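Number of protein chains: 2
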Amino acid sequence: MTAIETVSENRCFGGVQGIYRHQSEEIGLPMRFALYRPPQAENGPVPVLYYLSGLTCTEENFTIKAGAQRLAAEYGFVVVAPDTSPRETGIPGEDDDWAFGTGAGFYLDATAEPWSRHYRMESYVVKELPGVVEGNFPADSARRGVFGHSMGGHGALSLALKNPGMFRSVSAFAPMVSLMNCEPGVNALKGYLGEDQETWRRYDCCELIASGLTCPPILADQGTVDEFLPNLLPDRLEAVCAEKGQPLTLNMREGYDHSYWFVQSFMADHFAHHAAALNP
Amino acid sequence: MTAIETVSENRCFGGVQGIYRHQSEEIGLPMRFALYRPPQAENGPVPVLYYLSGLTCTEENFTIKAGAQRLAAEYGFVVVAPDTSPRETGIPGEDDDWAFGTGAGFYLDATAEPWSRHYRMESYVVKELPGVVEGNFPADSARRGVFGHSMGGHGALSLALKNPGMFRSVSAFAPMVSLMNCEPGVNALKGYLGEDQETWRRYDCCELIASGLTCPPILADQGTVDEFLPNLLPDRLEAVCAEKGQPLTLNMREGYDHSYWFVQSFMADHFAHHAAALNP
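As you go down the protein sequences, you meet chains L and X in turn. FYI, in the working numbering the residues of the first sequence are 1 to 280. FYI, in the working numbering the residues of the second sequence are 1001 to 1280.
Hints are supplied without guarantee of correctness; some may be wrong.
Only some residues are given here: those of chain X computed to face chain L with a beta carbon under 7 Å [unchecked claim]:
1) Thr1006
2) Ser1008
3) Arg1011
Derived pair list, reagent style SDA-like, types lysine to any residue, alpha-carbon separation capped at 25 Å [to be verified]:
4) X/Lys1065 to L/Val16
5) X/Lys1065 to L/Gly135
6) X/Lys1065 to L/Gly44
7) X/Lys1162 to X/Ala1276
8) X/Lys1127 to X/Thr1214
9) L/Lys65 to X/Ile1019
10) X/Lys1065 to L/Lys127
11) X/Lys1065 to L/Lys244
12) X/Lys1162 to X/Glu1227
13) L/Lys65 to X/Val1007
14) L/Lys244 to L/Val225
15) X/Lys1162 to X/Gly1135
16) X/Lys1065 to L/Asn61
17) L/Lys65 to X/Lys1127
18) X/Lys1065 to L/Arg70
19) L/Lys65 to X/Ala1268
20) L/Lys65 to X/Ser1259
21) X/Lys1162 to X/Gln1197
22) X/Lys1065 to L/Lys162
23) X/Lys1065 to L/Ser211
24) L/Lys162 to L/Val225
25) X/Lys1065 to L/Phe266
26) L/Lys65 to X/Thr1006
27) X/Lys1065 to L/Glu74
28) X/Lys1162 to X/Thr1249
29) L/Lys65 to X/Ser1211
30) X/Lys1162 to X/Ile1019
31) L/Lys127 to L/Pro216
32) X/Lys1065 to L/Asp269
33) X/Lys1065 to L/Ala73
34) L/Lys244 to L/Pro216
35) X/Lys1065 to L/Asp96
36) X/Lys1065 to L/Ser259
37) X/Lys1065 to L/Pro216
38) X/Lys1065 to L/Thr58
Source of the hints: derived by calculation from the structure; they are not laboratory data. Note that the structure is a prediction, hence the values are computed from the model and not measured. All C-beta atoms, glycine included, are put in the ideal place defined by N, C-alpha and C.
Using the sequences plus the hints, can you model the full thing?
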């Protein structure tokens, strides 16, 4: 069992909202995550939702702004929000670009120097974090869901597609669904993976679905006045899901933008979606 | 009608969360407030809740952390959160103390130099802000409630007590109920009002109740492991309310601290309390 350090714990809706830190083997540096433990977890393992955040976020944004604890307490879910990248790697310029480097791990394993040593968020989220969480908290490894926002929506969908059986439920808020077809995505793929576009495909949700991969039915919400719509491309997700038979419910939300004012507005729908699979 | 400037507006739970700025006559400087407009406000004036925040807060803390928008949309309430003090007054040292000066207006009208010119939060909240809000938004001046947290709990209770009929409902989270009997309160009273303790009494909730003033039934929630309990003194509130017949429901919440993790956990109870009076 990996040793974790408690940064903070506060009682919230009858459970405990914590921030924890541990030495990550995949990342090679300390990593933080937020974890909410609902009251039901006192009686044994409960389902666990992994939430992947967007660009510039830490483990705190979702935790403070999404209104998830109330729902987690209602449904009895552990909810985990990891950080979005390694921090303080010492790589020159790591903090210079809001959409690359610090706060922008893109849930991939970098292969290009100098990023490949620490920028291993895919392996961190898939191979390491669940063990840390489920070894230290009453979270049921057989009932995992994954969701996320923006870059983290890309993370949720792509990780669910590439790891069949790992997550029983998946959803996303304003997901970035095709990294190969948006500017911040291309920039990240080039920087973290190099110029060979063949290696980019496994980090593009639409390409993954087009290749025949499937995941549990996807719920996605997307604001119609989202300032990042040109980078998100919900039409492409809708088209490829229809073509390949991947179940998708895509709700276009009139007048909503990209912020957590939007995310919190539809959080209850996402919990209900996950509960249908995790607490049937 | 006072002109206001829109700093930001975001759709949230079918309504609009805004931040607004206006030139305050009472304060003599620009002031900001947050205001949530629920979907029901499209059809005409709705009840309005004024929320007074605690030390160090701006208009943003409650707005981001309390989970109030969902409830405001459900009940159909406008919810207003003003800033907690003037900003950038130019008074030397105004930012030096977290519990005095900037972020610490204590909902009083200062009489001592150099604070008396701008530090007029009592008059701002009671005499100016309602007109600004109700003149610019569909908020019903006949159905006002007031609530707050910590220093803002003091604000909510003391303003309700001193302005009979102004607020139909009142509640507080971890209120500072006796400024004359806690260190930050005494420090503030001395600094803003001077040494004459007779002038302090009208800013002490327990003294106000002891003097015979009453307000609508008070709902108060208080965490049992609140790190500021020695400054909050819920026992004194309970005793004086019992003595004078002021209706009070004081819930001691086991294991909860002073934070917004606590506040959000009981926000729904407070909305229900206000709704019973405002939407009977």
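Can you name, in rising order, the numbers of the hints this structure does not satisfy? Failing hints, ascending: 1, 2, 5, 6, 10, 11, 12, 14, 17, 22, 23, 24, 29, 30, 35, 37.
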